[in-house]
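Protein chains: 2
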Amino acid sequence: MKNNKTPGTDTPKTQDGAYRPGLEGVICNRSSISYIDGEKGTLEYRGINIADLTEHSNFEECVYLLLYSHLPSERELNQFKTFLAKSRHLSTPIREAITRFPVGMHPIIALQTATALFQGEDFYADDVSSSTHNMRRAISIISKIPTILAAFDRHRNGEEPIPPRSQYTHAENLLYMLTGSPPKPEQARVFDKSLILHLEHTMNASTFTTRVIGSTQASIYSAISGAIGALSGSLHGGANEKVIRMLYSIGHQDNVEPFVEEKLGSGSKIMGIGHRIYKIKDPRATILQNFIPKLLETTSGEEIKTLYKIAIKLEEIVNKNLGHKNLYPNVDFYSGIVYECLGIPSDLFTSIFAIARIVGWSAHWLEQVNANRIFRPTQQYIGDHNRQYISLDER
Amino acid sequence: MKNNKTPGTDTPKTQDGAYRPGLEGVICNRSSISYIDGEKGTLEYRGINIADLTEHSNFEECVYLLLYSHLPSERELNQFKTFLAKSRHLSTPIREAITRFPVGMHPIIALQTATALFQGEDFYADDVSSSTHNMRRAISIISKIPTILAAFDRHRNGEEPIPPRSQYTHAENLLYMLTGSPPKPEQARVFDKSLILHLEHTMNASTFTTRVIGSTQASIYSAISGAIGALSGSLHGGANEKVIRMLYSIGHQDNVEPFVEEKLGSGSKIMGIGHRIYKIKDPRATILQNFIPKLLETTSGEEIKTLYKIAIKLEEIVNKNLGHKNLYPNVDFYSGIVYECLGIPSDLFTSIFAIARIVGWSAHWLEQVNANRIFRPTQQYIGDHNRQYISLDER
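Just so you know, the sequences run in chain order X and F. At position 54 of the first sequence (counting the first as 1) the number is 62 in our numbering, and the numbers step up by one without a gap. At position 113 of the second sequence (counting the first as 1) the number is 121 in our numbering, and the numbers step up by one without a gap.
Accuracy of the hints is not assured; some may be wrong.
Each pair may be met inside one copy or between any two copies, as identical chains are not told apart.
To be verified - Derived EDC-like pairs: lysine to aspartate or glutamate, alpha-carbon spacing no greater than 20 Å straight-line:
id: 1; residue 1: Lys48; residue 2: Asp392
id: 2; residue 1: Lys313; residue 2: Glu323
id: 3; residue 1: Lys250; residue 2: Asp135
id: 4; residue 1: Lys192; residue 2: Glu324
To be clear, the hints were calculated from the coordinates, so they are not data collected in a lab. This structure is a prediction, so every number in the text was calculated from the model and none was measured.
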């Protein structure tokens, strides 16, 4: 298992100018969207602790907060909710294009592809000079992306898409479009809060991608599409899917101890454990975990209850063995179990992540285009010089 | 007009660790693919000067050189050409998906979208551990991207796509698929060399995007799709299209002097002039310019001859006025005129750029996955802390 090497907060202690692979510790932008204190284990959106937000707020209000940087008044919130709900429908061309996507494609790539297609419906997409238009674009794409995911999931299963319902909240509507049934209140409540926990998380490869593409003044559709592509990578999104597979493969809580011993012995990673910034337990993991006991009551499956027992046992053993190395469960450790309880297929987990994180990407895109400088770093050349061109017959 | 602020080569002189907007001067990777000496005005691919390559080599050979880092033997080259030519066809699902793309979409976004779709046809796209598979993916996508562009261009014009012909070279085949006529030899020759000049150019926003997305172990399709998105931005690709519009708007060579005076007076930029790295004339501009007189003989249009006269005059006036500021024509200054001579619609210029640059992106993707570290820079937080959550009725 690899130890974290980055400092405990996301503001670096030193920056000596040496080449840092992966730009680790290099400041790439200034931002007021979110902040992590890795020592204390806290995450703030626009300065407000996410523990308070998941306790008291809801998805729609948190999206408003991240995009506009203040909590909405009642009137602002109602207007915002209406716009978000009314924008859910896809146009016929986009819906038809989705029905032509290869069914074997990973759902996250369907999201990447369809997001780029929206450029075709926004005639002025290449003009990012209007803050009003930019905000409207962001809200529209946040609203539509669950409809894309549900439409593609139905398409690959040979089923007709279920049209969105504007009377539902964002979380309720997505569960409804995926399953075709009205969501149970407790499931919708937890899903809403789980989305809040995934909205934004400072600088990471996908958020950075949004800013790099956005810095060329490409459209928001190109920037978000690229970010989804980055999230699709197995080193970035997708960890929650792997956690679930790991828990299934362990099979029973009695197998946890030998599993951990084997992992430690071979020096390999335990999925969902450790985070480059948090030095104590990821606050999002703590919050998610607290949802699970009540959520389990909404499902009849015994298998998922076993998974949860395995996870609890795994955390206990890991704490005992690795706590001194600052290795604790991260958000992915419990989010997969939550999604399993909600009946979401595991190959949609990364896409669910994208449906939440698109809010953070949008906020970063707005911040980037508002004070833009194109990203053009440099490289160190390590090849030869002055090689001669030798003609084909002399090679 | 803004002066260049970066050093004359792409290896920075100093790196003091301060926050650099746009990561200017920050080393983001090590590479042996290409090298620019901005003082001398030279560009090398794998150590070989592009002046030699455009003089003696051809597109297929240069692609081989960039991907494999050596010039091919006759046998290697023949095998490579065959694979590149045989891979041009699109599958029925991809062709059908393209016929569903909104016709008003910019062609470069059609490329971004369709490139991501290829993931659906590569069942192991998320496994980037095999160098052999990775190379095959790169060659296949380089081969297919002109077919996508031509298919979309025909689709938006309400026409059936023209299937690729494997007996043509890459350059000949693209001209053929766009126009439906066998290309004139001089036009194919210049187009081939013009593609060579655009294959690769060290670190820039789109190449950087390829590496950032690729660093998450996302598929090559996701990485290249994102790079195309970055290229679509008006601050990155698209300058050659703008040069042509500028030359048309000047209208006559007698209008050049007042045009430059007005631009200088208002402190605004002249399209196609100046480059952040080159301190003298961009070597690619010099080479392209030399092609034009002979190429003009292949076209009957008087308008395009006028455009060329305007360009020559503009370069002369700019040299006189701005030469002391190291502001000279860059590659985009003459490439648009070349494409106009070839009968390519101006809104395809950025896509033609992508069709060449995908080779450099592929080489960088291969280099990145071969010695990977995920890009996760940091940010400087400039917002508030410890803001209280105020409930809706108290706001």
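Intra- versus inter-subunit Cα pairing at 20 Å for Lys313 with Glu323: within (16 Å within a copy, 74 Å between copies)
Copy assignment of Lys192 with Glu324, given that the CA separation must stay at most 20 Å: neither (31 Å within a copy, 73 Å between copies)
Intra- versus inter-copy proximity for Asp135 and Lys250 (alpha-carbon distance at most 20 Å): So Lys250 and Asp135 pass the 20 Å test across copies only (15 Å; inside, 40 Å).
Intra- versus inter-subunit Cα pairing at 20 Å for Lys48 with Asp392: between (49 Å within a copy, 17 Å between copies)
Hint compliance for this structure: hint 4 alone is broken.
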